[in-house]
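Chemist: Protein sequence lines, in the order shown, are assigned to chains A and B. Counting with our numbering, you get residues 228 to 343 for the letters of the first sequence. Counting with our numbering, you get residues 15 to 126 for the letters of the second sequence.
One should not assume that every hint holds.
Think about it this way: if two alpha-carbon atoms lie no more than 25 Å apart in a straight line, the pair counts; the simulated BS3-like pairs of lysine-lysine are [stated by the list, open to error]: (1) B:K118 x B:K82; (2) B:K118 x B:K81; (3) B:K84 x B:K70; (4) A:K269 x B:K118; (5) B:K70 x B:K82; (6) A:K310 x A:K284; (7) B:K70 x A:K284; (8) A:K305 x B:K82; (9) B:K70 x B:K81; (10) B:K84 x B:K118; (11) A:K284 x A:K305; (12) B:K82 x A:K310; (13) A:K310 x B:K70; (14) A:K269 x A:K284; (15) B:K118 x B:K50; (16) A:K269 x B:K84; (17) A:K269 x A:K305; (18) B:K118 x B:K70.
Calculated directly from the structure, the hints in this document are not laboratory data.
One-letter residues, chain by chain:
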Amino acid sequence: EPEVTQTPSHQVTQMGQEVILRCVPISNHLYFYWYRQILGQKVEFLVSFYNNEISEKSEIFDDQFSVERPDGSNFTLKIRSTKLEDSAMYFCASSPQGVGNTGELFFGEGSRLTVL
Amino acid sequence: GEDVEQSLFLSVREGDSSVINCTYTDSSSTYLYWYKQEPGAGLQLLTYIFSNMDMKQDQRLTVLLNKKDKHLSLRIADTQTGDSAIYFCAESWGGGADGLTFGKGTHLIIQP
């Protein structure tokens, strides 16, 4: 069964370093998302991406965050200069239709980011 | 803004029914969802309900929606050890916007 894959599963980095989290969405999906979950807190929406551009983003998704679909398969989240509070589990998701059309979100297993 | 609240833990005996509750704030939500997360895995959609429905049943799962009170519940009949997971309630944003607001998740613990 097709699935969303994320790498790395766990990354430890020093504060101020750049981090790139990678995702391979399901191949025929058109909508892509990043969510994050800080330990013990809610799963929070970061950004949605459709047709090679950001369609929605949250207040969390400030200038230090960026997303890219560099080729036909990868979808990346870059954090330019990590802060301690960026430590979280980052989930990538994809959807064939988008949430507005009750498209189911298919989530990856997550990438745990630890900032020291 | 949107907010979704749910209790953090629920403990039930194997074979009993589990009822996981959730409250939400956005009355313009079109769909409400239950996602399940097993250890080491991503979130997986269990079921969803359209906002003009009161109830939806799917095998052992029953979803009840009280739109007036903005209350959503998930009932799992004949709870099994394999149901042990974190269950997330989520609401879609209104107006066709493309995002979900999740709760913190309820850890369902099954006692033998």
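Chemist: Let me make sure I understand: some of the numbered hints might not hold for this structure. Which ones are they, in numerical order?
Modeler: The structure conflicts with hints 7, 8, 12 and 13, although it agrees with all the remaining ones.
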